[in-house]
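*Asks:* Residue numbers (the working numbering), protein chains in the order written: chain A, 1 to 345; chain B, 346 to 690; chain C, 691 to 1035; chain D, 1036 to 1380.
Hint data in this document are derived by calculation from the structure and do not stem from the laboratory.
All the given hints hold, so there is nothing to weed out.
Think about it this way: if two alpha-carbon atoms lie no more than 16 angstroms apart in a straight line, the pair counts; the simulated EDC-like pairs of lysine to aspartate or glutamate are:
1) D/Lys1259 x C/Asp930
2) C/Lys914 x D/Asp1275
3) B/Lys555 x A/Glu196
4) B/Lys569 x D/Glu1278
5) B/Lys569 x A/Asp252
Listed below are the residues making up each chain.
4 protein chains.
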Amino acid sequence: MIGVAVVGYGYWGPNLVRNLAETPGAKLIWVCDLKKDRLAGVQLRYPTVQITDDFDEVLRDPRVDAVAIATPVSAHYMLAMKALMAGKHVFVEKPMASTSEEARRMVEEAARRRLILAVDHTFIHTGAVRKMREIIENGLGDIYYYDSVRVNLGLFQHDVSVIWDLAVHDLSIMDYVLPEKPVAVSATGMGHVAGEPENIAYLTLFFESKLIAHIHVNWLAPVKVRRTLIGGSSKMIVYDDLEPSEKIKVYDKGITLNGNPQTDGEKVYDMRVGYRTGDMYAPQLDMTEALGRELKQFVDCVVTNSQPIADGHAGLRVVRILEAATQSLAQRGRVIELEQARLIA
Amino acid sequence: MIGVAVVGYGYWGPNLVRNLAETPGAKLIWVCDLKKDRLAGVQLRYPTVQITDDFDEVLRDPRVDAVAIATPVSAHYMLAMKALMAGKHVFVEKPMASTSEEARRMVEEAARRRLILAVDHTFIHTGAVRKMREIIENGLGDIYYYDSVRVNLGLFQHDVSVIWDLAVHDLSIMDYVLPEKPVAVSATGMGHVAGEPENIAYLTLFFESKLIAHIHVNWLAPVKVRRTLIGGSSKMIVYDDLEPSEKIKVYDKGITLNGNPQTDGEKVYDMRVGYRTGDMYAPQLDMTEALGRELKQFVDCVVTNSQPIADGHAGLRVVRILEAATQSLAQRGRVIELEQARLIA
Amino acid sequence: MIGVAVVGYGYWGPNLVRNLAETPGAKLIWVCDLKKDRLAGVQLRYPTVQITDDFDEVLRDPRVDAVAIATPVSAHYMLAMKALMAGKHVFVEKPMASTSEEARRMVEEAARRRLILAVDHTFIHTGAVRKMREIIENGLGDIYYYDSVRVNLGLFQHDVSVIWDLAVHDLSIMDYVLPEKPVAVSATGMGHVAGEPENIAYLTLFFESKLIAHIHVNWLAPVKVRRTLIGGSSKMIVYDDLEPSEKIKVYDKGITLNGNPQTDGEKVYDMRVGYRTGDMYAPQLDMTEALGRELKQFVDCVVTNSQPIADGHAGLRVVRILEAATQSLAQRGRVIELEQARLIA
Amino acid sequence: MIGVAVVGYGYWGPNLVRNLAETPGAKLIWVCDLKKDRLAGVQLRYPTVQITDDFDEVLRDPRVDAVAIATPVSAHYMLAMKALMAGKHVFVEKPMASTSEEARRMVEEAARRRLILAVDHTFIHTGAVRKMREIIENGLGDIYYYDSVRVNLGLFQHDVSVIWDLAVHDLSIMDYVLPEKPVAVSATGMGHVAGEPENIAYLTLFFESKLIAHIHVNWLAPVKVRRTLIGGSSKMIVYDDLEPSEKIKVYDKGITLNGNPQTDGEKVYDMRVGYRTGDMYAPQLDMTEALGRELKQFVDCVVTNSQPIADGHAGLRVVRILEAATQSLAQRGRVIELEQARLIA
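Model the full structure from these sequences, guided by the hints.
*Replies:* Quick look at the structure:
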């Protein structure tokens, strides 16, 4: 039985607590938060769980094997480092840290102490994203592009831009489903409220191959859109997370290359490029709650000392792109190289 | 009665001919094309129209007051200049020319000879786009963003990239409905077929104000999308051209600014930013054919010597952005200033 | 403070308990169910609530002012009558009873004892249905038809047909929003599983006026549909309960009557009938939970001794139609008169 | 080469003429209509086709092998009989005649003279309906229901009700794709304009087996719907004719029958009934124009003396149902037996 403490009981913390209370192999021991009224709420619903506003008290408890951190991003680094140094495994919300430097140190600290460091990239544990990865592995052909739109009339955040709030989801999904990692990023965007971070942003990601990725995030859209298009030379995918059941559609569509160019008086079409359209299918998806599956996996990793799917390296790669995108955005799209190779010495 | 000749009877020419045959005030005299079989088709359907493969024969005919050019883009400049120099008014397909330099000369030549130079920005004559302009003029508040997606599994073109083929529509619509002109552009994209132009592209347009515009065009998408979001401080618009009747939806949604920031254990939301949601409405639209309305207007402009809505200046502005976007794309998003002021000396 | 007991903690009971625990003016005292394990669940989540499997114990408690019944339909009558005879107000799930005779006796008993008898027609407390009633009251003109489709791949029930399970929703909504009550019903349908009740049914309801209503319910549909069309002479409504926010759309569409018939060689169109199309709008809706609002209202009715919106008469009218529809269905659509006038002597 | 004449150049006639002008094996000789201005239009577009307002002139022409009739329904019988008696093959618009008696005589006359009598059930020649038949033949399991909705704000007709105008499409599709013919019909509906035929109607069709079919047609709906659900024991189909490409979706969904009923305190669910959900797929469809394919087939039938897919018997079956539905509607849903066996002595 793995003893677990949850730190931070604001927006996401209650989901961690609810799931951990039912995760086989885990025993939820502590919930820690700075606000007394929140802790009172915990006690009412989970009378057997201990509450505290003192993180050190949690760390001193030898029954605690792992700490799940669901505080504002700015506190992730400090809390995770303390936990790791106290010999606790860590499950941390995304984005993993405020800077790639912080993330790198977290990765190094966990490695040094042979502790599990998992990042809560929740979406990669959904049936839809796992199916998407399976389809891509089984062959889209050459992957041409990955294009995602994630917009809604959402909660403005005071401390981070829309990139850190929304694009982080797409970056973690891409990190999981694509066979390549990006090598450079160009981002544009705008903040429309004086004194506030950017509320709309566009990221283009470049790869070694001809793959190109693009992410559009917006907190001020009149309609909610969660749609990703993935184009490959043999198949194409539409992933619409707002569809109640047919979230993933696979199209047997693409181009074919044949003969020589031909000329048309109006437009010169390239007859080398033909089109192929076939059936579409929407595979059935596993609809179990992603977070439950993810926490179960985290517990398994702690027990068996194996790496989680979204480990510190994955978290670091995502933070590094967020950081570079923020830098590019400030310079109206100047391309920033990602230098993946040197992320971890 | 204005005598008109159509040059180019390939993809779009037949639409011009069909509409001109019914445009009040216009008399279609000539159709000119290099291909004999196409001309034979004209003669069969329009026995009273004269056909020729010699453009000079058209220009020599004193009954011809105006020439409509629907050839490949590369020929626009040469044909339009010849027509203007022969004293003919010109209606030219979009994009108006292959370079801003060519477009500038066309504008100057028309001005010098006091001839009408109209560019076929067809979309701005649709009921949907005209309604959108009306709504914007009546008040969206501050305009925050203009975001358009125009993707499908489309005809690859040999001579021009997807920017010149598809983004030209969005740029002409923006030129018509927005109260500001862009000052810089950053574009990214990729060509996935060796030896062919880019088939996917993303353009960000910057303005003097905080307005930001973005256009996503793609010839290789598994689904067809034609959707524009326009966000303003008091209202927001969704323009979906694939909707059979409710193409324009106006949302009484937005943000409100109030008190001071407040802190939440999980996320620090800015309580200065509140949300406002109200009714949505979809205005009834004029569904008459845009091209017919546009040609009627061109004839009126020739008769009354007044400027068309999409004149040479509009065409030049659009070409200048296409050119700059192409340049930016080749440099992975480097921002290119548009220097509008110096477009026409 | 009104003391309340909930009887039946199966599918819907937990929702009643959860809402009653937070309803101002109500104090949840008892939860009664025959199954011990369910009661254990109550005790865990609501330690201050008393549990029992003995309904008489509840009725003997003088602190109990009202009983909410959420058992299978077949038990509604017996439990409600016992509660009324014990001087308790009653809130009963829909359908109110298994027969109109039972429902009639419940109404009479409540009237005799001046007790509140409310039926849980939950949908009429949603923002969407309340808005729909408001729009109809403000004028659709003559109401031509009410057409509802409520289909999905749903839970087959053993004891009642799809009419009693799904059409009951539409009948309760119609009872609330339409200005007329139906006078006759014709129903068709089929049961596809041997020994089981009908899983697909179609009801047509006739009225004194030219209004016609139709309900399509189906437990075996591959897709989920919840859509109602209401046609009036001046406006038309589409109510789609699966739309996340724009559940109600009001169309300024209809027919106009003008001149004399005209003849067309192919079809003889009636030129007396013209068409009018205008704007569509989707009003903003109150999205608060219907059940909470409804229970609040029930408590108010008990306190002020006033009639709830869905009182026993409403419940009886709905049961009478369900009964008649079942009768008609068994005779392949033979029309059954509803004889509303004699429902309550 | 089959010589063909078209009678009736109103709404549908021009489509016949346009297709016949390009049908291999057919030579369009005459177009006949009572209106001179329509004939003038024919002459302009098809200068080689002869025009007349005298049907007898057409029938006397020995070059005419077949006559295509596209007049109002009321004239079908008279014109078709004259044509058959003159030894001409007949292609007649749907519905084939105004009464089943007329249709029966047409069938008999054609049989007696060994002439081809084809009915223009256009929809059964579309790629979507042909694919649907193929899927049904390859196995939906037991077919449970066929449910179609065909509503819009449409052209009121003066001479026929919405059943004869719209339901005729669904009946012809059902006749083609279902393995059984209906044995009885119950219909309800209403006319909302004084002196005009019914503008809304609901038809239920009964079969020997447990299959049930239902058709909802409405000329006064605020939105256009063209959607058919077909439920089978092993698969289910959604056919949405308004979808641009994915018109047919096949769901691997259904019920499974297992053990014994189980009881739940709230609802007694039948545990014998389980649910199965799997992948969905949308097969690629042949998008060629149905009418062209159909006319090609008619010409082939004339040449090879074989029966068309929609022959006079199919046309008669559809008319008989229309007639019975009209009768049922007048009696508020009284079931009318179809007595298929005695249709043709």
